[in-house]
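*Asks:* These are the residues of each chain, in order.
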Amino acid sequence: MSSSEYLRVSDLHAFYAESHILHGMDFTVRRGECVSLLGRNGAGRTTTLRALMGLTGRRTGSIMINGREVINMPPHRIAQLGVGYCPEERGIYSGLSCEENLMLPPRVSSGGVCIEEIYEMFPNLKERRHSQGTRLSGGEQQMLAMARILRTGARLLLLDEISEGLAPVIVQKLAEIITELKKRDYTILLVEQNFRFAAPLADRMCIVEHGEVVAEIAQHELAEKQPLLQEFLGV
Amino acid sequence: MNKSFSLLDKQTLSYLIGIILLLAAPTVMYPVLVMKVLCFALFACAFNLLLGYTGLLSFGHAAFLGSGAYLTGYALKVWGVPTLLGLLLGTAGAALLGFIVGSLAIRRQGIYFTMTTLALAQMMFFVFIQSSFTGGEDGLQDVPRGTLFGLDLSNDGNLYYLVVTIFCSAFWLIQRIIHSPFGQILKAIRENEPRTISLGYDVTRYKLLAFVLSAAIAGLAGATKTLVFAFATLTDAHWHASGEVVLMTLVGGVGTIFGPVVGATVIVALQNLLADKVGSLVTVIMGAIFVLCVLAFRRGIVGESIALYRRMIGEKL
Amino acid sequence: MSELFGIPLPALYGQLVLGLVNGSFYAMLSLGLAVIFGMLNIINFAHGALYMIGAMFAWMGLEYLGIGYWWMLVLAPVSIGIVGIIIERLLLQWLYKLDHLYGLLMTFGLALMLEGLFRDLYGVAGQPYPIPEGLTGMINLGFMMLPKYRAWVILASLVVCLITWYMIEKTRLGAYLRAATENPRLTQAFGINVPLMVMLTYGFGVGLAGLAGVLAAPATQVGPLMGSNLIIVVFAVVVIGGMGSILGTVVTGLSLGLIEGLAKVFWPEVSSTVVFIIMAIVLMIRPSGLFGRQQ
Chain A
107 MSSSEYLRVS DLHAFYAESH ILHGMDFTVR RGECVSLLGR NGAGRTTTLR ALMGLTGRRT
167 GSIMINGREV INMPPHRIAQ LGVGYCPEER GIYSGLSCEE NLMLPPRVSS GGVCIEEIYE
227 MFPNLKERRH SQGTRLSGGE QQMLAMARIL RTGARLLLLD EISEGLAPVI VQKLAEIITE
287 LKKRDYTILL VEQNFRFAAP LADRMCIVEH GEVVAEIAQH ELAEKQPLLQ EFLGV
Chain B
-15 MNKSFSLLDK QTLSYLIGII LLLAAPTVMY PVLVMKVLCF ALFACAFNLL LGYTGLLSFG
45 HAAFLGSGAY LTGYALKVWG VPTLLGLLLG TAGAALLGFI VGSLAIRRQG IYFTMTTLAL
105 AQMMFFVFIQ SSFTGGEDGL QDVPRGTLFG LDLSNDGNLY YLVVTIFCSA FWLIQRIIHS
165 PFGQILKAIR ENEPRTISLG YDVTRYKLLA FVLSAAIAGL AGATKTLVFA FATLTDAHWH
225 ASGEVVLMTL VGGVGTIFGP VVGATVIVAL QNLLADKVGS LVTVIMGAIF VLCVLAFRRG
285 IVGESIALYR RMIGEKL
Chain C
8 MSELFGIPLP ALYGQLVLGL VNGSFYAMLS LGLAVIFGML NIINFAHGAL YMIGAMFAWM
68 GLEYLGIGYW WMLVLAPVSI GIVGIIIERL LLQWLYKLDH LYGLLMTFGL ALMLEGLFRD
128 LYGVAGQPYP IPEGLTGMIN LGFMMLPKYR AWVILASLVV CLITWYMIEK TRLGAYLRAA
188 TENPRLTQAF GINVPLMVML TYGFGVGLAG LAGVLAAPAT QVGPLMGSNL IIVVFAVVVI
248 GGMGSILGTV VTGLSLGLIE GLAKVFWPEV SSTVVFIIMA IVLMIRPSGL FGRQQ
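Quick mapping for you: the protein sequence lines, in order, are chains A, B and C. If you count the first sequence from 1, position 63 lands on 169 in this note's numbering, and the numbers rise without skipping. If you count the second sequence from 1, position 300 lands on 284 in this note's numbering, and the numbers rise without skipping. If you count the third sequence from 1, position 251 lands on 258 in this note's numbering, and the numbers rise without skipping.
Check before you lean on any hint, since a few could be wrong.
Taking lysine-lysine and the DSS-like style, the derived pairs with C-alpha atoms no more than 25 Å apart in a straight line are [what the hints assert, rightly or not]:
(1) 177(C) to 171(B)
(2) 289(A) to 279(A)
(3) 177(C) to 232(A)
Hints in this document: simulated from the structure, not taken from any laboratory. Quick caveat: nothing in here was measured; it's all calculated off a predicted structure.
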């Protein structure tokens, strides 16, 4: 495994009880890269992220994060390796205030974004910090979900459908944040339905169908591989 | 030869065998012991109707066993009513109590339902302790068994056939309930209550009816027990009795037809065996059986046997 | 006026204090139950038995090892907490994936085992436990005589409940607990060792029960049956209060103790069932409990 590989997934199968969802996912993400998993609903993209975090049922195959095999690790150990997970449902706790939500995930490394800077990046969260977590708007909750994993010092970010259901202004803000994170050398795995959001941000796109990667497109190949995108995604 | 076998399908055959065994049993075992087993088997079958088929865990069924026992005992001893009427009164009283308790408990779901049934049963227990009609700590003693169609029931042999008849009739009734459209809806409630609601069924009414039926049959079991032992005591209404019937059903197999009967037989036999030998440790052993069943034997004797049988024929095919 | 409805006031106050003492136990026990239920989704039927064992440990400590009350006040809850952790690891952890009724059945079986064991060893009669020095005697409040030990029990319980509330609502660990209660899988994904928290929560919950047992020892007879009747009343308390808030649970427990005390004075026949009657009323008017969240 080359030293610039941060995440390597080989022949990953994942199950929810008896349901076989991932049929041998294979892909890698290099340090500082932003890779997007695209595909239709039900293709297995969210399941891939969950499998990486250890949140699914049985898994087989290999997941290497920064050189460590994590296929058999429990979720809290994986997180402690520096993986930050932003779930599709955002997962804001109703029993905690906005600030408590933000401060909840423990630091997993020393390189986290400090709280002052978080509030600079996300001024809304500072305003609403004493509100109950679930009273925040959809966009604010999404910001909160991202902010709290940035605070921990996680370097590998798993982001699931962060633009879903949000107003264009907020989606734009999210794109700016991801661009900034890329500059700061974060490694990002982006699951997205919204092709127009993902395409400018992703260095590479992996198209997922039936729990497998069926095509890979680098950003500079977008124009020439247009027919592939049409075939698999209808764009 | 083929004709006679087509008349007797597997289920009818097993019922016939069961009845023959029951009728023959007094020749090899003490009738009183078998009657005790039958009473508890009926109690467990009543309980199973609620847990195995409707999915409601009641931890207060002793209230119904006890009220059936006390009401029948009082009716027979103090009012001097005929035996069958006494049994009927006990059953009806338990049904009424079941209606009241059920109406309150069904307002909550899941674990709260269970705790409510336990608490209400405990309340009944305290009512029984304090009432004069129950005889308090002493209980109702010397309840006369009366006669039936000229047969003197104080003869254990005679009473035995009455008890067998009661048991078989009630058992048959439970089977009819389970296999009726009503029973299908109960199963639907157990499996997926929200879906059943969305199909337009008034789930509360069905649950309540199931609860009342279960309470009534439990009351009948208590009433019959009073006949057998000629007394009714606080033990019948104590929460240990509630726990016992859960254990019997669990050990035998929740949601199976014969599970409660098997479970009751095993537990009563075990208690009989251990009675004078281990004293208070009986409770420890019962508790240990609970723990082991929950950990490793959830389907109970009948359930595991069915699963084993299915695996075996599955492999052969 | 030195009487209320024919009851002399000092007697009334005495019963109210006794009611508060019982209410303190209701509060502590229902608090432990609620914390365990929130995290594990299991109703711990063994709570009563572990409360009894707390009291028995206190008695055994004094009887066999000469260890006094103040030491046992720390040792007993800690030992029971360790017992709880063993129970969780050995027995309960296999049940989380199953219907939560199995948790009730398991802890019920456990309660039978624990009670049966102590009943076999010590019979059903209770043993007296002496009130520790320094807490014997009365405080003269003017309008009544207040037994020092009862004042101590009420105070200690309130402090413990308050500390528990503070820990859960105001500390980082408490935030972890609340998060793990709400969404255990996601909380793990943040690096929090949720299985460890579950284990410690059960240990803490039963430790509270054990502590209540030690507090109860000088106040009542210490016997193997002291837990089982109490636990059913605590269940009723929990149904009445709902398990939605800590303060709600504590207030409910204390109030019901008070009401029970009042009943003993004015209407003794009803006193053993008044909690259940209130439960029936609450179920009719507000099924989710006084402080519960709508389910």
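*Asks:* Work down the list of hints and note, for each, if the structure agrees.
*Replies:* Status of each hint after checking the structure:
no.: 1; hint: 177(C) to 171(B); result: 45 Å, violated
no.: 2; hint: 289(A) to 279(A); result: 16 Å, holds
no.: 3; hint: 177(C) to 232(A); result: 20 Å, holds
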